Amino acid sequence: MIPAEHFLYLAITLFCIGLVIVITKKNAIVVLMGVELMLNAANINLVAFSRFDALHLQGQVFSLFVIVVAAAEAAVALAIVLKVYSYYKTSELDKVNELKG
Amino acid sequence: MYPAVFISTLYAGLAEVLQSLQGILPEIAIAVTLLLVVLLDLFKIKEGALLSFITGAGVLAAALLLHTQGGAVPVAEEGLFHGMLKPDSLSVFLRSLFLLAALFSVWMSRGRVAGGVNISRLGEFHTLLLSLLLGAMLMSMTTHFLLIYMSIELVSISSYILTNFSFNRKSAEAGIKYLLFGAVASAVMLFGISLLYGFTGALDFASAPFHSSLLSLSIDSLPLLVAGFMALAGFLFKLSVVPFHVWAPDVYEGAPIPVAAFFSVVPKLAGLALLIRFVQYFHESSILFVSVDFNWQFILAVLAGLSMFIGNLAALWQDNAKRMLAYSSIAHTGFLLSGVLAYSSLGIKSVIFYASIYLLMNFAAFILVKILYGKTGNESIRSWSGLGKKAPYLGAAVVVVMIALTGLPPTAGFTAKLLVFTSLWEAYQLSGNAVLGYLLLAGVVNTVIALFYYLKIPYFMYFRTAGNEAVQETETTGLGEKVLLGILTGLLLLFFFKADWLLEEINLIDFIF
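In the order they appear, the protein sequences are chains A and B.
As numbered in our numbering, the first sequence has no gaps in its residue numbers, which increase by one up to the final residue, 101.
As numbered in our numbering, the second sequence has no gaps in its residue numbers, which increase by one up to the final residue, 1513.
The hints are simulated quantities; they were obtained by calculation from the structure and are not laboratory data.
Take these hints with a grain of salt, some might be off.
Computed, partial: chain A to chain B, Cβ under 10 Å [unchecked claim]:
| id | residue |
| --- | --- |
| 1 | Leu37 |
| 2 | Ser63 |
| 3 | Tyr87 |
| 4 | Leu99 |
One side only, chain A facing chain B, incomplete, derived with CB under 10 Å [as the list claims (entries may be wrong)]:
| id | residue |
| --- | --- |
| 5 | Leu8 |
| 6 | Gly18 |
| 7 | Val31 |
| 8 | Leu32 |
| 9 | Phe62 |
| 10 | Phe65 |
| 11 | Glu98 |
A few chain A residues that don't get close to chain B, going by computed Cβ distances all over 10 Å [said to hold, decoys possible]:
| id | residue |
| --- | --- |
| 12 | Ile2 |
| 13 | Pro3 |
| 14 | His6 |
| 15 | Leu10 |
| 16 | Ile17 |
| 17 | Val22 |
| 18 | Thr24 |
| 19 | Phe52 |
| 20 | Ser86 |
| 21 | Asp94 |
Given the structure is predicted, the values throughout are model-derived calculations rather than measurements.
Just so it is clear, CB atoms sit at the ideal spot from N, CA and C, and this is done for glycine as well.
Generate coordinates for the entire structure from the input sequences, incorporating the hints supplied.
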């Protein structure tokens, strides 16, 4: 059986990769991919930890909810990116900068 | 054929659900209204007045149900739906504030221009407003991480779409910025929650197993603190506390006026409710923040002080009224937060009082912006020069509302600030924690700074004369808007002289402290 720490290492690595992508990348869609990694890092944690919660399996149920919500969020996000694209003709976040102050 | 035990458990579960449903009648009313609006929209009924009427009626019905119940629901010790929802008296009070705010927003989105909401999208607008309201109401009465996550996402996703409802360049940009910041904040929160779940094996931070496993934990306090603050990040984002505030000015500027007004109150107060509960339960068990060699009060106090300073100093340079109000709301968050970390029943009560007054004055300010925008077609404060003399009623209202936002007598804004300062002073006296003293000082200094930019609006309206450029009236102000403004302004004055009327209501709320 794989020890619980290994899942934790994987989750933390994924989370950090996601965070770095979010901070460094300029394309809105790539940033969303980074967010997706961060959410799935949390999912791995939840599923791995629910091994110790054998009676209720709350973690596994939680991760199902997270997957569904992430899908909804991605749908809304892509719609908004499309909207931005139709006004600015780009999805580079650096070039979408009219609001300042 | 299922075993008999299974069948009986099933029946027990169903009975629990049916019993619990009676405890959330207001939420059911909101959900039904939401579906009704969706149906109307589906059948291409685009009558703005009808949609506003139905939404308003639904919100009123929910308010009525909330108050006939009035916490008199036989709530089991562990709460509704196996401890998922706890409709206690704090949540009843906050939910009434949310319903009031929704009513104001629906009122503001009437008329030919609908406060900047695209007129052909009014059906979707009302649907999303209701779903945001529903999310906020759920947020205010839960301590279970699953429901916290779901309700925060319900609020957030509705907000992302609502931000876009002006359908122009600015609002699309605001929408994408809000979405990306929000998604990252909720991912960080979720990771924090997953770690807390790993440490404790429980998802309800108010439950006994959560606390007992935290107590018996034999690890360093550092991972716990990191997890705790990651979980807090989501709440602080909704509150727009300083490191998580960058979205607020852009979103307020890009969003239509009724939406910006709604954002400035409802998600913020819902986040505040979560923060109050989180801080309360961790204080009660005295584990995460107090017993370790690490002062959590320090961090929250620094964040509160920073929110005040950054909010107020940035507001000084703004010319767009909505952007200015966004920075002002960040500064107000600092005051709300300082009441929470005073850590006493008086502190929480002063925060609730502050929150109610904040709702009144912020909506009054946004209605003013809407009326002035209708008169000049411009959100720039400079463009409102000379309007004070032309419209004396508006001018008087502007003076009262801005004085209230600053926190000077004779308005309720003063009473609210006074209460927060008193609770901070008391906490400082009790604990001798120097940070609280500095925070109090920061609060007083910031009240003075705030004076300069709030009074800029009346200054331009009275002491500057309008330029020569022809002012085109885009929207004739309806009588209803002026009446609502009058009522709000009147209440702001009334609660200065009769603050105990509101305080009596707040005293009925029972706290853990």
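We went through each hint and held it up to the structure:
| no. | hint | verdict |
| --- | --- | --- |
| 1 | Leu37 | 9 Å, holds |
| 2 | Ser63 | 9 Å, holds |
| 3 | Tyr87 | 5 Å, holds |
| 4 | Leu99 | 4 Å, holds |
| 5 | Leu8 | 8 Å, holds |
| 6 | Gly18 | 7 Å, holds |
| 7 | Val31 | 6 Å, holds |
| 8 | Leu32 | 7 Å, holds |
| 9 | Phe62 | 5 Å, holds |
| 10 | Phe65 | 6 Å, holds |
| 11 | Glu98 | 6 Å, holds |
| 12 | Ile2 | 15 Å, holds |
| 13 | Pro3 | 13 Å, holds |
| 14 | His6 | 13 Å, holds |
| 15 | Leu10 | 13 Å, holds |
| 16 | Ile17 | 12 Å, holds |
| 17 | Val22 | 6 Å, violated |
| 18 | Thr24 | 13 Å, holds |
| 19 | Phe52 | 5 Å, violated |
| 20 | Ser86 | 8 Å, violated |
| 21 | Asp94 | 12 Å, holds |
Violated hints for the displayed structure, listed by number in ascending order: 17, 19 and 20.
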